[in-house]
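A.B. asks: Chains as they are written, first to last, in the numbering used here: chain A, 1 to 104; chain B, 1 to 266.
Since the hints were made in silico from the structure, they are not lab data.
One should not assume that every hint holds.
Said to hold, decoys possible - Derived DSS-like pairs (lysine-lysine); straight-line CA-CA distance at most 30 Å: (1) Lys-137(B) to Lys-104(A); (2) Lys-80(B) to Lys-104(A); (3) Lys-3(B) to Lys-15(A); (4) Lys-80(B) to Lys-5(B); (5) Lys-149(B) to Lys-93(A); (6) Lys-149(B) to Lys-5(B); (7) Lys-75(B) to Lys-137(B); (8) Lys-137(B) to Lys-3(B); (9) Lys-41(A) to Lys-75(B); (10) Lys-80(B) to Lys-3(B); (11) Lys-5(B) to Lys-75(B); (12) Lys-93(A) to Lys-145(B).
Said to hold, decoys possible - Derived Cβ-Cβ restraints for the label pairs, each shown as a range: (13) Val-35(A) to Ala-12(B): 21 to 29 Å; (14) Ala-147(B) to Arg-89(A): 31 to 39 Å; (15) Asp-67(A) to Leu-56(B): 49 to 57 Å.
The model shown is predicted, which means the values in this text are computed figures rather than measured ones.
Glycine included, C-beta positions come from ideal geometry on N, C-alpha and C.
The lines below spell out each chain.
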Amino acid sequence: MAAPHNLDVYLQLLKRDGTMILVGAPAEPHPSPGVFNLIFKRRQLAGSLIGGIRETQEMLDFCAQHDIVSDVEMIPMDYINTAYERMLRSDVKYRFVIDLASLK
Amino acid sequence: MIKTKAYAAQSATSELAPFELHRRSPGAEDVQIEILYCGVCHSDLHTVRGEWHNTLYPSVPGHEIVGRVVAVGDKVRNFKPGDLAGVGCMVGSCGHCHSCDEGEEQYCDNGFTGTYNGPVFGGENTYGGYSQTIVVKESFVLHIKHAEKDLASVAPLLCAGITTYSPLRHWGAGPGKTVGIVGLGGLGHMAVKIALTPWALTSFYLPRLRRARSKTASGLVPMKFAFPPIPSKWRLMQTALISSSTRWPLRTIWMSISNCSSAMAR
């Protein structure tokens, strides 16, 4: 998800030829940045969507090699509605994970 | 058909509740996975609440799936029962367009098949990882090489991990570059971890960005971490931001990727 935010403020932090990549998918139309913020420093505003299967495997292997995992809070399946409410308040560090053993 | 317990939303305004669905029996190229853990992505919430205006109900979300292979079809070569496996956001694509040919199935010209909420251009609905079992074509199943004890923490890599890894790679984050991350949530914290690998990063700064008052990051708080020495490769300073905002307060992490001749104490 992406909370609507002011792209211009972040674009202006970029040096010449810097790129801002959006990966959050907003639920409503998102305001566009100012054109001059792109033109005057040859900056780029780009988007990116997950990754292909080959790259996903590469990422998993990379994370296994470097011991990278997510910070999670484990929940039973029937906690999911509460989890959604907490997600909306950013009250999770940093991902809920459902233990499917709880789904009986 | 395999009867499977799941949790589904019946409409945009109903809560997720117990639901029974049927998975196809594994075909020749299929892998059947007993789902052990499934990460909760905000996309799940957007979908069940109809916020993208494309939800097929009943909706069973979940696309950060890790589990164990229980059965494989005759033509499956790379998985066997007992293997740890993962399923991410896709379970199919056209397989013959330019993007699929280049291994970028998520940009399939004909629309990839999502692990839940079916193919983009209509067709049968698909049900995701808030369920006991899933059957997926081998070419969309991933190997998990992490230790089994870490499996629950691996689940979010299947979406949050790849979503942040891909742009870091594509736009060339590495020594000599500065990376900023807007928002410390499910994706943001993964972006920090992935960029903070021993080969990439030696220090990062955690500023608080005062929105609507200043146009530049202020109040930089240097936070130094220990990393092994990294040979400097590129002097090009290119700043890339990965935006995955959570709500207030927004926090931005600026990470300076530079060379360092000695490790600093944590």
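A.B. asks: Of the numbered hints stated previously, which ones are contradicted by the structure, given in increasing order?
C.D. replies: Violated hints (numbers, rising): 3, 9, 13, 15; every other hint is consistent with the structure.
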